[in-house]
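Student: Read off the chains here:
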Amino acid sequence: MADLIEMTRQAEERWPGLVQSWVDRRKPAAELRCSRSEILPDVARWLASDLGYRFAGFVVEEQPKEWEIRYLFYHPRVTGWVYVLLQQALEVRAIPSISSQVHAADWQEREVEDLFGITFEGHPRLGDFVLHDDLWQEDVAPMRRDFDEETALAERKPRPDWRPRRIVENPGAFVMPVGPIYSGVTESVLFLLETVGEDVIRAFPRLFYKYRGIEKIAEGRTVEDCLLLAERFAATTAFAHALAYCQAVESICRVQVPERARWLRVLLAELERVRHHAGVIQEICESTALSVAASQAALLEEDLLRISGGFAGHRYLFGLAVPGGLTVDPGDPACLRVVDEVRQTVRQLNELEQRLRFSSSFLDRLEGVGFIPAQEAQDHGLVGPIARASGTDGDLRKSQPYCGYDQLRFDVPVETEGDGFARLRVFFAEARQSVQIMQQIPVRLNAGAVQAPVAYQSGVALGWVEAPRGATFHWVRLGREGVIERYRLITPSFVNWHGFHLAAENFAFQDFPIILASLGLSVAENDR
Amino acid sequence: MKQWVLEGLHTGVKSTSYPKSEERAAGVSPGRPARPEAISWQEAEELQRRCPTGAITAHGGRLEVDYRNCVHCFRCARGSGAAMDWQPGYEWAYFTRRNTQSQPWPKSFEGSLHILVVDAGDCGACLNEVRQLSNPYYNMHRLGFFITPTPRQADILLVVGSVTGQMKLPLLQAYEAMPTPKVVMAVGACALSCGVFGPSFVAGCGVSGVLPIDVEVPGFPPPPLAILHGLLVAAGRKAPAPPSDVSTVEGAVAKLA
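Quick note, the sequences are listed as chains A and B, same order. Each step along the first sequence adds one to the number in numbering that gives the first Met the number 0, with nothing skipped, and position 100 is 99. Each step along the second sequence adds one to the number in numbering that gives the first Met the number 0, with nothing skipped, and position 59 is 58.
These are calculated hints, taken from the structure and not from any lab test. Small disclaimer: the values here were computed from a predicted structure and weren't measured. Careful: at least some of the hints might be erroneous.
[As the list claims (entries may be wrong)] With a straight-line Cα cutoff of 20 Å, these simulated SDA-like cross-link-like pairs (lysine to any residue) come out:
{"no.": "1", "chain 1": "B", "residue 1": "Lys167", "chain 2": "B", "residue 2": "Cys193"}
{"no.": "2", "chain 1": "B", "residue 1": "Lys13", "chain 2": "A", "residue 2": "Glu350"}
{"no.": "3", "chain 1": "B", "residue 1": "Lys1", "chain 2": "A", "residue 2": "Ser398"}
{"no.": "4", "chain 1": "A", "residue 1": "Lys215", "chain 2": "B", "residue 2": "Lys13"}
[Unchecked claim] DEER-style ranges, computed between Cβ atoms:
{"no.": "5", "chain 1": "B", "residue 1": "Trp85", "chain 2": "A", "residue 2": "Gln343", "range": "47 to 57 Å"}
{"no.": "6", "chain 1": "B", "residue 1": "Pro198", "chain 2": "A", "residue 2": "Thr78", "range": "49 to 59 Å"}
{"no.": "7", "chain 1": "A", "residue 1": "Glu258", "chain 2": "B", "residue 2": "Gly78", "range": "15 to 25 Å"}
{"no.": "8", "chain 1": "B", "residue 1": "Pro18", "chain 2": "A", "residue 2": "Ser182", "range": "26 to 36 Å"}
[Claimed, not checked] A few chain A positions that, by computed beta-carbon distances, are all more than 10 Å from chain B:
{"no.": "9", "residue": "Val77"}
{"no.": "10", "residue": "Glu148"}
{"no.": "11", "residue": "Tyr181"}
{"no.": "12", "residue": "Ile216"}
{"no.": "13", "residue": "Arg261"}
{"no.": "14", "residue": "Gln343"}
Cβ coordinates follow ideal geometry from the N, Cα and C atoms, glycine included.
Could you build all of it, start to finish, from the sequences and the hints given here?
Tutor: Now the structure itself:
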């Protein structure tokens, strides 16, 4: 709190008359209102480089008379949020890019340019991002309020002759496209491998083949209808996203979630984390063609899916979180049982880790592969297990606690090597910590309701959760009678795909599946 | 390496007994709603109102659950007021109206089918359940089903997701590249109906507007055993299930009169 107030005082001193600040002690959050767009890159650089704040993402809202653009920052060791707010007349079509100062904003600006038609001055590469150039005309801006889908669809100009931009221009170099449909059971994404033959120089992903326009179709829906979107746009981490959304709605409507529901939410969120990490571990084993280990991990993943199904009714924990609490109370005996079952499964995971650590053929394929340097991870604003394997110890459960995580004992495992093996160790260690958290829940469960009544009111709030893949942010603006006016999703996979090319640099072809698996990225979570 | 061999042997056989006999382990399926035994007209209408995707319809004295639209939100089963019954099980796949013959290909194909999996806008869950088919519990290889990375060798096109605008062309190209005879299997509510994402300017209403579907597997996501049942139905080795559950609402006529 004191840090936030001190920060706002310094900001007003540095830009006298240009920055107005305001602190909300309840959330806590601070707002820095910039009256001129030119100072924006400087303010962003000051927060990120001088004060060590992390850039989470930004939210563009089209209000009746003006653009409201909020840049969201948070500090890994200070509780509270910082919004840098810029208001511009609706006629304004260009604002300064901050990505030259804060590189983490690079993809976020590309996304806004594609969806809102706002240009970022100084950004080196805009266009062909969410809406692909081989299908959509350049001037379409679906997130605008006056977007007419009939006309936009009618005017689409497919360009089958479209070719990706090449970066490597050496003699003999060529681009090898992989995807969007490729090998086995994989999500749709196109990889452009720039190669000279056996070695790949760089690899860039072309995403958003699965763009479903979640943020657009959410507008005008009721809170309940939008909950279905929040829960299901990236269903392998469904509960985390549903929870972030519910917390945003609860914050707007000032609902106190019953204590029992709060602890049960922690239990379910950690169950999901263990299950997700087991899945990633399985894919890593699979990618190195160590069949027995892959099968062992697959058994454990399926065990955890069954445990989830038996405990909560659905293998991916659908239909549980609602604004106000949870829809069902599994009961104390079931909670004790699920903790015990997960503990046993994670013990088997530990045994698997021990065997993997002594399998030299496995280690040879993971060590030094997909290396992400610590500085690059920070500059790209990477989050979650990927960032923590590169020495960046950010975890929202610690720095911005929710659901009572500040009352629980757990560590945030950090590794410094930044390669595939470091990430594998982080996944294993986080699964162990999740069990430790789960074990603290049953004794805290008091009798009581699991759902509080919610009276919808208009307002705006941020919901955040440390999802299994990292920090996720749901920005919700409610109009009258619980209708969604703006729903912004900042997901860990979107942030981390931005850093994918760091791991995929100067590698041999056969390492590609290993690099991909060791990052554990979701395409659905990105292509929202 | 020796330790892995021993470890594998030590684990023993984990494969499910399905399709020979029923799999009864907990958590293999989320189940799905079924019409309740006795229900009033008001209750039927309330259930219809609570269903966010229009899977439950009550009209003309009939209560119908269309499983194509069901997204397992549990809103018809939980909370106060009327509730649908919940039925366990996973044998949910059926042939579409276009394809009513039990075997679309020669008998020699029955034992070994190669599957091309295409993600046309999936949220990750259906795809993860397809991935589980290769784990030792379900081990679909023992039944002669194999995933292939290329359409040129595929017999079955397994599509998940709502077919987004930008995935439509790759999906069509994959279908065109497959040799005949070929079967299209749509898996999950998004591929069968508008799901929760469609229709919109980027998300379609499933596969049916793009490709002719032969086998449908409802569910959100369908559990691995339901997808396995779909494959067995496609191969003509299992009987299909009905696509919806229809009943007359008892007492409805009296109350309306």
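Student: Each of the hints needs a verdict: does it hold here or not?
Tutor: Structure-based check of each hint:
The hinted pair formed by Lys167 of chain B and Cys193 of chain B meets the criterion: a straight-line CA distance of about 15 Å does not exceed 20 Å. Simply put, Lys13 of chain B and Glu350 of chain A have alpha-carbon atoms about 19 Å apart, close enough for the 20 Å limit, and the pair holds. For a cut-off of 20 Å, the pair hint linking Lys1 of chain B to Ser398 of chain A is broken: about 45 Å separates their Cα positions. Proposed proximity of Lys215 of chain A and Lys13 of chain B is contradicted: the alpha carbons are some 45 Å apart, above 20 Å.
Trp85 of chain B and Gln343 of chain A have their C-beta atoms about 28 Å apart, which leaves the hinted 47 to 57 Å range violated. In this structure the supplied range 49 to 59 Å is violated for Pro198 of chain B paired with Thr78 of chain A, their Cβ-Cβ distance being about 43 Å. In this structure the supplied range 15 to 25 Å holds for Glu258 of chain A paired with Gly78 of chain B, their Cβ-Cβ distance being about 21 Å. With their beta carbons about 28 Å apart, Pro18 of chain B and Ser182 of chain A fall inside the hinted range of 26 to 36 Å.
No Cβ of chain B comes within 10 Å of the Cβ of Val77 of chain A; the nearest lies about 33 Å off, and the non-interface call holds. The non-interface label for Glu148 of chain A is inconsistent with chain B: the shortest C-beta to C-beta separation is roughly 4 Å, within 10 Å. With a least CB separation of 7 Å from chain B, Tyr181 of chain A falls inside the 10 Å interface cut-off, contrary to its annotation. At roughly 5 Å, the least C-beta separation between Ile216 of chain A and chain B is not larger than 10 Å, which violates its mark as non-interface.
Here Arg261 of chain A stays apart from chain B, with its beta-carbon at least about 19 Å from theirs, past the 10 Å limit. Look at Gln343 of chain A: its CB is around 15 Å from the nearest CB on chain B, clear of 10 Å, so calling it non-interface holds up.
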